[in-house]
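Residue numbers (the working numbering), protein chains in the order written: chain A, 9 to 378; chain B, 9 to 378; chain C, 9 to 378; chain D, 9 to 378.
These are calculated hints, taken from the structure and not from any lab test.
Check before you lean on any hint, since a few could be wrong.
Heads up, the list lumps identical chains together, so a pair's fine if it works in one copy or across two of them.
[Claimed, not checked] Result set (DSS-like, lysine-lysine): computed pairs, CA atoms no more than 27 Å apart in a straight line:
1. K114 with K231
2. K12 with K205
3. K205 with K103
4. K153 with K86
5. K103 with K153
6. K103 with K231
There are 4 protein chains.
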Amino acid sequence: MKFKLPLYKKPDFHLPKFLEYPNITLHRVEKIGVAPDYFHATTIFPEYYKLNNRWILLAPSRMDCVVVALDNEQLEAKELRRLQLGDMVVIGRSKDGSDGIYIHTKGFRDDVATSETFAFRTGRSRETSYSRDYDQLYELLEFEKESGYITWVLGPAVVFDYDSKKAMISLIENGYVHAILAGNALAAHDLEGAVLKTALGQDIYTQESIADGHYHHLDIINKARRFSSLEEFISDLNIDDSIMCACVKNNIPVVLAGSIRDDGPLPGVIADAYTAQDAMRQHTKKATTVLCLATQLHSIATGNMTPSYQVINDIVRPVSIFSVDVSEFAVNKLRDRGTLEVTSFVTNIQDFIVNLQRKLVDGKINRTCD
Amino acid sequence: MKFKLPLYKKPDFHLPKFLEYPNITLHRVEKIGVAPDYFHATTIFPEYYKLNNRWILLAPSRMDCVVVALDNEQLEAKELRRLQLGDMVVIGRSKDGSDGIYIHTKGFRDDVATSETFAFRTGRSRETSYSRDYDQLYELLEFEKESGYITWVLGPAVVFDYDSKKAMISLIENGYVHAILAGNALAAHDLEGAVLKTALGQDIYTQESIADGHYHHLDIINKARRFSSLEEFISDLNIDDSIMCACVKNNIPVVLAGSIRDDGPLPGVIADAYTAQDAMRQHTKKATTVLCLATQLHSIATGNMTPSYQVINDIVRPVSIFSVDVSEFAVNKLRDRGTLEVTSFVTNIQDFIVNLQRKLVDGKINRTCD
Amino acid sequence: MKFKLPLYKKPDFHLPKFLEYPNITLHRVEKIGVAPDYFHATTIFPEYYKLNNRWILLAPSRMDCVVVALDNEQLEAKELRRLQLGDMVVIGRSKDGSDGIYIHTKGFRDDVATSETFAFRTGRSRETSYSRDYDQLYELLEFEKESGYITWVLGPAVVFDYDSKKAMISLIENGYVHAILAGNALAAHDLEGAVLKTALGQDIYTQESIADGHYHHLDIINKARRFSSLEEFISDLNIDDSIMCACVKNNIPVVLAGSIRDDGPLPGVIADAYTAQDAMRQHTKKATTVLCLATQLHSIATGNMTPSYQVINDIVRPVSIFSVDVSEFAVNKLRDRGTLEVTSFVTNIQDFIVNLQRKLVDGKINRTCD
Amino acid sequence: MKFKLPLYKKPDFHLPKFLEYPNITLHRVEKIGVAPDYFHATTIFPEYYKLNNRWILLAPSRMDCVVVALDNEQLEAKELRRLQLGDMVVIGRSKDGSDGIYIHTKGFRDDVATSETFAFRTGRSRETSYSRDYDQLYELLEFEKESGYITWVLGPAVVFDYDSKKAMISLIENGYVHAILAGNALAAHDLEGAVLKTALGQDIYTQESIADGHYHHLDIINKARRFSSLEEFISDLNIDDSIMCACVKNNIPVVLAGSIRDDGPLPGVIADAYTAQDAMRQHTKKATTVLCLATQLHSIATGNMTPSYQVINDIVRPVSIFSVDVSEFAVNKLRDRGTLEVTSFVTNIQDFIVNLQRKLVDGKINRTCD
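Only chain A is shown next, with the shape it has when bound in the complex:
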């Protein structure tokens, strides 16, 4: 069974009500970075705006942005901080089209009526059956490898373990990774592992705490800071066996956002949080599948800027978001913060990555259910 893109059901804008609804109202930005009152804020769903009597789909989108009309022809979703004097901002908060704004929540599926008054096990937790989710994810990633843009959001735990690190490198080398969003710690401990076999001073295979191991990441960071980029550092020291190296070799873009937890930082880390957001959004703008592993900060940041759809060659297709963490609270938080369309796996990301690699790359696994 192969993955097929679900068909997108456009709203029927020929319905009389849509013909009668007014065009959007636009108000001018009078102060840089400040929206006019009653601005419309975007959701994660496809949104249509009536401009010059035509309903136009906003794309690329993201939630919690305002919408700016350019030349009364084009629309752009803009963060508050990016608003310029004179920008014309869409006003209005109804969602049904009556303000010229229509939020389309059922583009990819009809609402499912849940009729049972008494049922067990309605949430998603460690006890949820993940077999089909894995199977569907395997198929999706095979499809996305060729036709999509797979964006990974990685917490440092990915490089704390030998097998998961190896598996991640293998996924990069085999085309399943199109961009990585992470922080200083992921890169630091990844390179620490490559050079010294440890993460935070602990051997990533044997779990041994190495003498003076608390120097390891500081030494790596300090060495790297002699260079103007991680690429140079990696090439100069001939480093291998690491996610960062695999990305360099395979031309996979990596955004490293700085944070207040950082030592160093490494060269290439973006110090300004909002410049980092802009850099991350260059990828979520293109992302068709997003996998968030073991990081609340980067996952929620990415979730905030990832819409539930993309328009690619005039076709509207869904964006799939996966959140993987050992804690129900962590995976549910993404949903609590507005990223409603997420599929969560409650498990250790070590097992998760290794599973993907074995199935997609090693390809030698006969699923037990075949």
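Starting from the known structure of chain A, fit chains B, C and D onto it as the hints suggest.
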């Protein structure tokens, strides 16, 4: 690399102090089920008792029991409730031999000195590297399949997922399971899945909640109650595709301990908690490896009655206990309750079982690190 | 503001459809402990059964039972295992009355329509605001103290801490506790604390691990086993400062259900899981408020046997269930297992109990929001 | 009982070995922001450096910094990124003084020998008794109010609940807060609650989800962005009932560090992660007690830059760090990342803050144990 049993280092009872230490003191049980004051209570470690001037190793052991001397020749670890009038109980609470009781904590390894005053990551958590633990477990289970007694302690979550259930069945069929300790719920939902494809009314592959699904386990239980045993029920209805069936076919003993959460119960479930303990201990007495998956109640109960060693053909060998749960608290609790020698995996048991099955049975996985 | 019982809205059985619906169908039990096929199983909601053309409310109820009609006049909810030969069991699985069975899910509140298509924070978690839940609980308990039956389900953690233990004793002494459901460990560590100031060998105030502390609970249990009841033990040794003593003094019934984790057990602990269920149900039959603290086993067991309503002096009133645990998974599990009407608090039960005591008994707290 | 500062036990530098050990070695910084090889990195403990034959205590300190000697007289702990050309950096990694560097781990207490070979409950978890920790914290804060510098690190959950927010405001107004370190979200939802009674659109008392509530924080942020500072915004709109207002009124400094999760940001939020670190360190340099509530990012960042001691008026005193979170993993992570001297509370921060306020401010609580 093959697994090798670690050599057991006996205490050197030729040391003068051991020659000088007295024989144990014994006091008579005067009331059924009640020990004399100052009774010695067992730990999980090898314990030696001086009887007739010889130091005798207690075996089989378990923690929190009293020790009864039979004919001044043999020793038996007995739960308080099993004490009989006239039983001669070992008295004394020093551990160094001076009461005739020696607790030997370093039989299998010397105490490791940790010299670092400042180090990161000292505990075990979701961020621990599990690669080597998996590798060592694979080797151990290959060894134990032939030479040991592998006891599994299973929570119902094992049968809530299609793949993990299949994997468990495969491990049984291929010789990696010598006994199962579980409760009514495991068996009920296992059989529910076999007959109706659900667990608590939810499809174990598609996650769909089936209409009237809350009847599923009740119907299965009610049907089974017509029979005097699960074996009869399974054979009469020709049930397959389940852990319970695999156990019946392969003559693997299953102890089902009743609990106050049970519906039913199924035939064969042991209603009395202490009779159930006795039945469980028949297996922990022989167990050389214990794997506890996704159940606090049964894991701690089993941990309580599993010593850190067994004596098999006069050879003292360690018992390995593994605790697998998605919650640090759950896996650590086993240690907090005295089962000090446990190796914990913080992950979803679905992935854990599937990993074991793929490596041990499918055998087709080239480890990424080879 | 005082707590007022919500009005119960009976179904309107004068509606033509209810007049037309048939009386229930009854089938005979042919084998002890086994229900006829297609038996009706109870939910937690009020259920009406048409007998002799009258719609009769089942009370007391509990979920996952079958319903037996006595003399075609009275109804009784019975666990499968209690079915007797000749019992006449209600057959049918529709819920709308068409089988003579009507499940009334909206007796106390209308279904709330949730109209927002895009909203944050829809679940209950550590981040939920608990201020009003506390306020409502304080009022409820004041009311229930006089007019209800407050049943507490306690895990051993309650007696691991000095303040929470003191607070619980105070709540008992001041009338806020009408019954306690617990296990052997609660009583053992409660008495250990009373006599030796520790729980599992650790000082419950200073956290110090006492030398040979692992003997503490065994010594207490062993001493108690000389007596035929905990009452005798307590009075003979003149024990005070404990939950068990406060219950003895105030004639508060305590059900101690045995489990496979138990050491001992203490006198009075019920060894048979299903006898224990029967003893527990004596209290859930009367319970109007149930508070479940820090025990999954006993909480889910109690939830299973607690209906969402009681009939007291011909008035139908709701039963309130509260589940308190530091883990979202634990509090949500109660709901996942069918106890839908639970209010969960994600916090440490130590703080929870102390809060109740300070507000209800000390009464000296000016709430910060007053 | 009043809190008393523990006496600091200086190393005895008159011991012959200390007289013989050499002065420190210093190497020049040759590239901005890069340390020479074999640089010494600081720990959280008091560290002495031999300069001109005198052992000098490094103060203020923090971990993972390099040490720069100024004029061969004074020492400064510097982050890698702050190193200037020509800075003279301490070289050497032994800790016993033999490189002229002595790390003093036992200044405030001798190492406690743990002699028990078999004991229960050795970690800290939800089951730890917190009564004495609370009592000691109450006393400590009374002391610190007058004599210390109490720094709070707050996650947004603090303002998600009505009572905890009120309690925090009360603690500020009554002198128990000397600085707050937080992020954009804390301030945004705090002000959202003050103006609109919600947090992320949910009523902070009733838990109701308000229609169009997802606009609430965006509207507040957008309004605030018209002003050049939060102070102006608060004063112009006459906002009250909030942590930010209480800080403005009471001249309590607040550092708001930007992150990639931010909407907005609010005026005053520091966009650059490392500028934010510098601003935070201004407070940890003075902090004598640090309380970290419900935020992993800010807690670990703060932990990294907080030493275990301060020198105030030539007296060396310990710094107390408290970490409060409902998750064992979260509170333990601070320790795993090197902040070894932390006292953790596993509970909901709502209860924790309310407890402090009631005891310290309301003062009307008779502790149940009095």
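- [ ] Go through the numbered hints given earlier and state which of them the structure violates, listing their numbers in rising order.
- [x] 1, 4 and 5
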